[in-house]
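The task is to assemble the complex, starting from two chains supplied on their own in separate frames and drawing on the hints.
Residues per chain are reported as follows:
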Amino acid sequence: MSVDLSTSLGSLQLAAPTMTASGCAAAGRELAQFGDVASLGAVVTKSIMLNPRSGRATPRMAETPSGMLNSIGLQGPGLEAFLEKDLSWLVENDVTTIVSIAGGSVEEFREIAIRLRDVPGIAGLEVNISCPNVESRGQVFACDPNSASAVIEAVRAEWTSSAPILAKLSPDVTDIVTIARSVADAGADGVSMINTLLGMVIDVDNMRPLLGGRTGGLSGPAIRPVAVRAVYQVHAALPDLPILGMGGIRSGHDALEFIAAGASAVSIGTVVFGDPGAPWRVAAELGQELEARGYGSLREVVGAAHKG
Amino acid sequence: MSDAQQVKAQILSIEPVGSYFHMVLEAPTIAEHVLPGHFVAIAVGGIGSGMLLRRAFSIHRATANQSIEVIFAAHGQGTHWLATQQAGDVLDIVAPLGKPFALPRQPVPCVIVAGGYGSAPMDMLTQELKARGCSVDVVLGAATQDKLFGVLDLKRDADSVTVTTDDGSSGVRGRVTDVLPELIQRTSARAVYACGPMGMLSAVAKVSADNGAFSQCAVEESMACGIGVCMTCVLPVIGDDGVTRMLRSCVEGPVFRGDRVRWDDVDTIPEDAFGAPVPGGH
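If you're matching them up, the sequences are chains C and Z in order.
Position 175 of the first sequence, counting from 1, maps to 175 under our numbering, and the rest follow consecutively.
So our numbering is basically just the index in the second sequence, starting at one, shifted up by 1000.
No wet-lab data here; the hints were simulated from the structure.
Cβ atoms here follow ideal geometry from the backbone N, Cα and C, with glycine treated the same way.
Treat the hints with caution; some may be incorrect.
Here are some, though not all, of the chain Z residues that point toward chain C, as calculated from beta-carbon distances under 7 Å [to be verified]: (1) ASP1003; (2) ALA1004; (3) GLN1006; (4) GLY1050; (5) LEU1052; (6) ASN1065; (7) CYS1225; (8) ILE1227; (9) VAL1229; (10) MET1231; (11) THR1232; (12) ASP1267; (13) PHE1274; (14) GLY1275; (15) VAL1278.
One chain only, chain Z, in its complex shape (with noise of 0.2 Å):
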């Protein structure tokens, strides 16, 4: 693990994409230890401000001694600030964060599902892939065709990209795990990289394994801290031991084993949890 740093960045630029924002940020020192799947915190609202928590964003692009890149959608109070900013501006920004995307050691197939934005860091995922001789098929989903993000680049750097969105304004209509089977069969995929919403995580992590392939899902807990200290953004997740322990997303993930993770359990403490509470105890 590579550390994190604090540091101050300019916005290199910010624009708007379909639904969201693309924001590049000069980062030269962080840049260079980005792999895919860390994320980036970034604190919002200016100094003094009301709004103590960072924001954290999948990372999308690093450029080497240069800048990283970020997707974001403004649907809160700090995320709308965010996009009222403008190229010059400075940001505060913590980064790189988490446990990135398990990479495998053969040149396996390999299949990337990603839901709305959460396909932001599966352009720089796909390119880590090819250079280690895997086959890349990218199934992206969004509920409608402005939410879909990143479709040309993967269309560029992926063997194949299927679309799907609930109302059918592009691609196929329906869910990205109707495709999924049938693609991870075609491809005799052996890993599935996902990120996007839980319940389309969950889903993903049960097809794979019904199909015979590794799932890599990236989560989205709601977090405080993002560098392991809250511990707010806990999930269960089964161990190597078999001991099922409520981890922190932002320092244990949030790349998880899609067959390691608790999902119909999430927002509870299962019983069998380690330190889970006792009948009669407290």
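Chain C extracted, bound-state conformation (with noise of 0.2 Å):
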């Protein structure tokens, strides 16, 4: 007997329910020597913005008890080159594929929508909106819900594409229900939760903090727990907007929390840089998870620490 473990993200059907996480696995192609890259849920992209991006000054990692601290600083490409030398191998390869997109302003996510939404080979889109808003004195769009719906309602107003749009929420809020209201309010079809949350690692023996860019997004089994609270809290308030579950998932027995808590399909951030095979890994894991509980599906399972 075999689980299904087929999924969907509103309107995305999903073969497979687990993804890579953003920034935890490039453009997928290095993922390629270590299993099928098609094989997976979708890759989630790392962040693309609209220019060419040098990140950070490095340090921009320190590991953590069961985690790690990043300051990447959203290095990449810049869209037109990630369209190009990017995009173009995860058509070839078959690799659905969920495109994540950063900007430092509305007008920027819009800019981007709209260049992407008539690119084929696009499943759905992952708004990071945990980024610094450089027309609001460097506030992240997701802690507030005026900044975070104005991207999203920018992004939904542009968006032609059938694909799904994904709000991706930062943890680092009073009330993360509320944010997700907002983003579903101006058009989100779903909700990428959560983001990493904002840490420092102090260097004793230079006494300054550690990271090139001082603080850096926390991340791994660490923030699982954290996870797991917001999942199943945007759940509980809104139980029919999807949910896309990741933080900290090492195992199928950590997938199979954010299924019940009310996630849909999970991603596979952090551990991958430990554990390349993680994100096939943790699919089997999750099947066997399921198959020893007596489920059928996944489907059946979603949410269901709720009806207790």
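Structural data, given as structure tokens:
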């Protein structure tokens, strides 16, 4: 007997439940030596911005207990080079691709949406609103319901494709349900949660923050309970809003927690750095976890933890 | 580039050597693809470990269809754990990774420079260069005698070995760059191969260029993934088109041309780097 692991995020049908998390698998190509990338639910690409971007100074990384801090600063080749070199590879290899986009202003998000809407091979858009808004003293879009919804409204207005728009939410907010509701009202088809938590490590030999960017995003199993809580809260408040769950997923058991909390699919992020085969392994383990509990499909377990 | 493989590798032996550990891993499917300068990334801490990130080590030696060997220092939590492992234990490894040393097409005189256990890949490189008819003269440097590695093997395989130590406990008191200019001149070296701390590599690249030799430097940058997806291990490198880009030392390196790395700008984003922040932008 095998468990049906197919699932969906809004209109997007997925043959497999695990994806790569944005920023943790580049544009998929490097993982091809460890498994069949086309067999994943999707590759969620590293967030792409309009123009090439160097990112932040090194050190960009610090290992922390069951996790890590990163301060990459969205290094990337810019939209045109991404389409030419990265998306083309994904399309050629039949990879289901969710393109993550980032911007420093509402206008930049809008321009990217216009450029991408007619590009074939994009199964979904993940809008990374955890970037600083240069027009609002660097406040992160995702931390303010008005800024968050302004970005999603702008993207929605231009997005003529039927591929779903997912808003990626930051956990660094007072009430994540407020933000989820605002982006859903602005036209998001679903939410991805969670992004990293802001953190810092001090280098006490040099008496300064260790990372070149001073602060960094905390990720890995250390943040998993925070992510499960966030997914649970949003699913409780907005049960019809599809959720792509992520945050420290390392095993099929971890993934099942997210599904039970209300996620319809999951992304594997930081764990890929240490275990490049993890996106495939977690999917297989998830099937075993479901089977061991007598379930015939993943879909029947989405949000199951709310029924008790 | 041959694909990297993620495999379970049994430890065949693990022994202290001076200040370091010498570990032999059974990795028959990997060994035949290893070239000098390749590295291996090893998961540490066991199943469920709180240390998520692999530790990267240059490959010391590879025996086809059999094993790969690494040299490591137990200087952090992960490598301390590694040092407690024993023959028969099994490690999760990913290899071969990175871009190896570029080898000369002609049998030219070569010099190898290494600091501390940066000498780990250099005996394999020496054998490769000698097989191509190159002469190989080696400089090994360390803070103290016990931090030297590989002196005997290199004395056997290279044309000469010069040792320097900061405290004079072995060989010439001083730094590798104190003896390097004379060695390049005396051997008419065309290529210099280096592995060691960034400060040493920077100095070796400059001395090499000043003396008319190309340099190939294997850098040490802290990296999270080792496979090119995390973007943490970048450094500013000038491309063929003259443009500086922040390149990943795990896949575009760890070996770079010494004259292309902007050593003084490591740990910064140079203002003229591709995609660098612009005033008023973000």
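Z:ALA1004 as an interface hint toward chain C, with CB separation required under 7 Å: holds, 5 Å
Z:VAL1229 as an interface hint toward chain C, with CB separation required under 7 Å: holds, 4 Å
Interface hint outcome for Z:LEU1052 [beta carbon to chain C under 7 Å]: Result: holds, 5 Å to nearest chain C Cβ.
When the least beta-carbon distance from Z:ASP1267 to chain C is tested against 7 Å, hint result: holds, 5 Å
Proposed interface contact between Z:GLN1006 and chain C, which counts if any beta carbon pair is under 7 Å: holds, 5 Å
Restraint check, 7 Å cut-off on beta carbons, for Z:MET1231 near chain C: holds, 5 Å
Evaluation of the interface hint that places Z:CYS1225 against chain C, nearest CB under 7 Å: holds, 4 Å
Proposed interface contact between Z:GLY1050 and chain C, which counts if any beta carbon pair is under 7 Å: holds, 4 Å
Z:THR1232 as an interface hint toward chain C, with CB separation required under 7 Å: Holds - the Cβ of Z:THR1232 comes within 7 Å of chain C, reaching about 4 Å at its closest.
Interface hint compliance - Z:ASP1003 to chain C, C-beta minimum distance less than 7 Å: Where the cut-off is 7 Å and the nearest Cβ of chain C is about 4 Å from Z:ASP1003, the hint holds.
Hinted contact Z:GLY1275 with chain C - closest CB pair below 7 Å: It holds, given that the least Cβ distance between Z:GLY1275 and chain C is near 4 Å, below 7 Å.
Status of the Z:ILE1227 interface restraint (C-beta, 7 Å, chain C): Cβ of Z:ILE1227 sits 5 Å from chain C, so the hint holds.
The structure shown violates the earlier hints numbered 6 and 15.
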